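Asks: Sequence:
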Amino acid sequence: MQTDSIRFALNADFSLNYANNNGTNVTQINGALTTQLKSKDLKSIYFLIGTYKLIDSENKNLQNAWFLHGRYNYKFNQLLRLEAFLQGQYNQLLVVEQRNLAGIGLRVKWMDKENFTGYAGNSYMYEIEHSDEAGTIDHNHRNSTYLTLSYFPKSQRFSVANTVYYQPLYRDLKDYRILEQFRLDIPLAKWFKVFSIFNYYFDSKTPLGGEEYTSNLNFGLGISL
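Heads up: the sequence shown is residues 20 to 244, going by my numbering.
FYI, nobody ran anything at the bench for these hints, they're computed from the structure. Misleading hints may appear alongside valid ones.
Unchecked claim - Pairs of lysine-lysine residues, derived as BS3-like cross-links and limited to a Cα-Cα distance of at most 27 Å, are as follows:
| # | residue 1 | residue 2 |
| --- | --- | --- |
| 1 | K193 | K72 |
| 2 | K209 | K132 |
| 3 | K62 | K132 |
| 4 | K132 | K193 |
| 5 | K209 | K57 |
| 6 | K132 | K79 |
| 7 | K94 | K128 |
| 8 | K132 | K212 |
| 9 | K72 | K173 |
| 10 | K209 | K59 |
| 11 | K57 | K224 |
| 12 | K173 | K224 |
Owing to the predicted nature of the structure, the values given are computational and were not obtained by experimental measurement.
Start from the sequences and build out the full structure, keeping to the hints where you can.
Replies: Encoded structure:
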């Protein structure tokens, strides 16, 4: 989130969209809050992110989704870290409306250049999935592997980051999820920025037996402290 020498950081992102489609009013609200706290020796890192998305019309609620993720990292050395995390998420449009999980694993810094940083991680996850549509509650053991790459030019006029996750089920490797996020930040001041985020989610096997995917592109304003 920030350089290794900064102990506390806080980012807040917000976007609002209003549309009138043949007399039908549609309002979309997106909000995200990210905070990071490091210990005095800079070895322990506490990270928390929360997001909320609401798409509402005069007639009905079109989408209601939230995401909460807490993570602890312990830095063994410049290359290797231990990480443990808790996560909860809800999206009324997906077959699995709610998912809660806990995990632990290792993270490696595979690139550390002046303008590029790259991380790779592998974790074990225990998850509980709730599906009202299928009428099921599943308890799963999954593997989670991710790769992230960030670019920060010397001019500091923008920054980009891309992260990809691959999460197969241990007992059935054909049951897997793929998640990707691409983010572009353009600072307008030291504390103020505009941003664009593209998210993609794919589930190879839902509780109903079929595939499912979702994607979204978001533009907004952000504050960094």
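Asks: If a hint holds in the structure, say so; if it does not, say that too.
Replies: Status of the hints after comparison with the structure:
1. K193 / K72: violated (30 Å)
2. K209 / K132: holds (23 Å)
3. K62 / K132: Within the cut-off at roughly 20 Å; holds.
4. K132 / K193: violated (36 Å)
5. K209 / K57: holds (21 Å)
6. K132 / K79: violated (49 Å)
7. K94 / K128: OK: K94 and K128 at ~11 Å, within 27 Å.
8. K132 / K212: Holds. K132 to K212 sits at ~24 Å (cutoff 27 Å).
9. K72 / K173: violated (34 Å)
10. K209 / K59: holds (24 Å)
11. K57 / K224: Violated: K57 and K224 sit about 38 Å apart, past 27 Å.
12. K173 / K224: violated (43 Å)
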